[in-house]
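Participant: Take the sequence shown: its position 118, counting from 1, is numbered 155 in our numbering, and each next residue is one higher.
Wrong hints could be hidden among the right ones.
Estimated spans, in silico, between C-beta atoms of each pair [what the hints assert, rightly or not]:
1. Arg-227 x Arg-113: 17 to 25 Å
2. Lys-155 x Pro-107: 29 to 37 Å
3. Gly-115 x Gly-159: 41 to 49 Å
4. Asn-114 x His-185: 31 to 39 Å
5. Asp-170 x Glu-231: 30 to 38 Å
6. Gly-159 x Leu-71: 13 to 21 Å
These are calculated hints, taken from the structure and not from any lab test. Even glycine gets a Cβ: it sits at the ideal position worked out from N, Cα and C.
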Amino acid sequence: MILGLFALVGGGLVAYIYQLTEPHIEEAERAYMLRSLHAVINPALHDNDIFRDMITVRDPELLGTDKPVPVFRARRNGKPVAVAIMSVAPDGYVGPIKLLVGIYKDGTLAGVRVLSHKETPGLGDSIEERRSDWILSFNGHSLSNPEHKGWHVQRDGGIFDQFTGATITPRAVVKAVYNTLKYYRRHKERLFAEKSIVAPADSDDE
38 MILGLFALVG GGLVAYIYQL TEPHIEEAER AYMLRSLHAV INPALHDNDI
88 FRDMITVRDP ELLGTDKPVP VFRARRNGKP VAVAIMSVAP DGYVGPIKLL
138 VGIYKDGTLA GVRVLSHKET PGLGDSIEER RSDWILSFNG HSLSNPEHKG
188 WHVQRDGGIF DQFTGATITP RAVVKAVYNT LKYYRRHKER LFAEKSIVAP
238 ADSDDE
């Protein structure tokens, strides 16, 4: 009975603490996501709420996961500017690498950032911007710049650097970014035309 009472009280405390912290956790996650979005798409280029102008899509082959993938749309005066696609590099050295790939309307890369990974510290984690500027090497490239054979790490005949002692990680990221560009080219019109799944901002007050 005593153990049961402690379990009941403990469970109640955990639930209460979770209710108190949940809004703060959600706000922190939103702030982190907004920073990431602004890192790949300059906020000065659009005037819409990019966080709310969002849809989800599926393409396990090109987006690296069978789960729904968020796509954030940037617009200016209602006209498409860019998208940010949360694709996945499924074949990282340790596990999947979650990416945010920003693509301008014309198919040029606006920027790429790593959202999460489990790659080896000191080796594979150089894909993070805080560890090196490697991830910035994607800026300005497209499916035609370079051509297909250039979309590999240098060891495989491409233009992108690999890390000393860690080729699998950058190889996976390069492949995932290239596949995300291919997905964008195939579905460009739909990505901008589909209705957002996020409720308008004023609905929060209802």
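Participant: When the hints from earlier in the document are held up against this structure, which numbers fail?
Facilitator: The structure breaks hints 2 and 6; every other hint is satisfied.
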